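Listed in order, the protein sequences are those of chains Y and L. Here our numbering = 1-based position in the first sequence + 560. Here our numbering = 1-based position in the second sequence + 176.
These are computed hints drawn from the structure, not numbers from a lab. Please note that the accuracy of each hint is not assured.
Dumping the calculated SDA-like pairs for lysine to any residue here, alpha-carbon to alpha-carbon at most 25 Å [unchecked claim]:
no.	chain 1	residue 1	chain 2	residue 2
1	L	Lys-177	Y	Leu-620
2	L	Lys-247	L	Ser-259
3	L	Lys-277	Y	Gly-600
4	L	Lys-277	Y	Glu-628
Computed footprint of chain L on chain Y; a stretch qualifies when at least three of its residues, placed anywhere within it, have a C-beta under 8 Å from a C-beta of chain L [stated by the list, open to error]:
no.	stretch
5	574-582
6	618-624
Calculated Cβ distances over 10 Å to all of chain L for the following chain Y residues [unchecked claim]:
no.	residue
7	Gln-566
8	Asn-611
9	Glu-612
10	Glu-628
11	Glu-638
12	Arg-641
13	Ser-647
14	Arg-671
Only a predicted model underlies this, so the values are computations on that prediction, with no experimental measurement involved. Even for Gly, the Cβ is constructed at its ideal location relative to N, Cα and C.
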Amino acid sequence: DTGVSQDPRHKITKRGQNVTFRCDPISEHNRLYWYRQTLGQGPEFLTYFQNEAQLEKSRLLSDRFSAERPKGSFSTLEIQRTEQGDSAMYLCASSLRLPNTGELFFGEGSRLTVL
Amino acid sequence: KNQVEQSPQSLIILEGKNCTLQCNYTVSPFSNLRWYKQDTGRGPVSLTIMTFSENTKSNGRYTATLDADTKQSSLHITASQLSDSASYICVVRGSTGGGNKLTFGTGTQLKVEL
Numbered sequence: 561d562t563g564v565s566q567d568p569r570h571k572i573t574k575r576g577q578n579v580t581f582r583c584d585p586i587s588e589h590n591r592l593y594w595y596r597q598t599l600g601q602g603p604e605f606l607t608y609f610q611n612e613a614q615l616e617k618s619r620l621l622s623d624r625f626s627a628e629r630p631k632g633s634f635s636t637l638e639i640q641r642t643e644q645g646d647s648a649m650y651l652c653a654s655s656l657r658l659p660n661t662g663e664l665f666f667g668e669g670s671r672l673t674v675l
Numbered sequence: 177k178n179q180v181e182q183s184p185q186s187l188i189i190l191e192g193k194n195c196t197l198q199c200n201y202t203v204s205p206f207s208n209l210r211w212y213k214q215d216t217g218r219g220p221v222s223l224t225i226m227t228f229s230e231n232t233k234s235n236g237r238y239t240a241t242l243d244a245d246t247k248q249s250s251l252h253i254t255a256s257q258l259s260d261s262a263s264y265i266c267v268v269r270g271s272t273g274g275g276n277k278l279t280f281g282t283g284t285q286l287k288v289e290l
């Protein structure tokens with residue numbers, strides 16, 4: 561399967577712990593996005609990369625959140641000192657940089673539960 | 177502020193019946209509109225992408241319409257199946273706003289029952 565893959569699919573952690581999620585995009589896609597989704601809501605934009613450059617960050621991305629895409633391939637999203645409000649599904653998506661219609665392909669998501 | 181409103185919030189229909197989901201948006205300038213299907217606990221999967229000049233687009237039993245003048249779109253599902261049970265999310269792409277040009281609706285939760 562050559563789709564977007566995310567790991568882990570589920571993570572349960574205690575408040576105050578750090579967690580890291582990994583995303584492997586479709587290999588030829590140069591754009592990679594992170595979204596957060598809570599129950600009954602649509603995905604909310606967190607950040608995106610074009611190749612290895614992080615081009616935009618949402619105000620939702622507090623100082624406890626950091627994302628990297630060191631070689632322009634896979635990406636990691638780290639949450640430090642987790643809080644209960646961080647519990648959500650974290651979705652990764654990738655696309656080609658096409659004018660206007662670059663379709664987003666989503667991974668299956670990493671569900672975080674903070675106790 | 178760019179917004180995407182979907183209705184109804186949830187819907188229950190019997191297998192084999194048709195249904196129509198609505199999406200109204202205020203995103204301007206407009207680039208394209210997408211419908212995604214999201215199964216519970218899974219990532220969204222694209223159904224259609226419609227640009228300004230397209231009024232209707234079909235993907236199997238799914239037919240999307242777009243009226244760019246009234247800023248409305250609909251997704252019509254024909255002969256529903258149990259596997260259609262999912263959240264359907266309308267996403268509008270604007271022409272400005274940096275890399276984050278997508279505005280997501282909150283989705284319509286569809287349940288198809290026997």
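Please write out, lowest number first, the hints stated earlier that are contradicted by the structure.
-> Violated hints (numbers, rising): 2, 5, 6, 7 and 14; every other hint is consistent with the structure.
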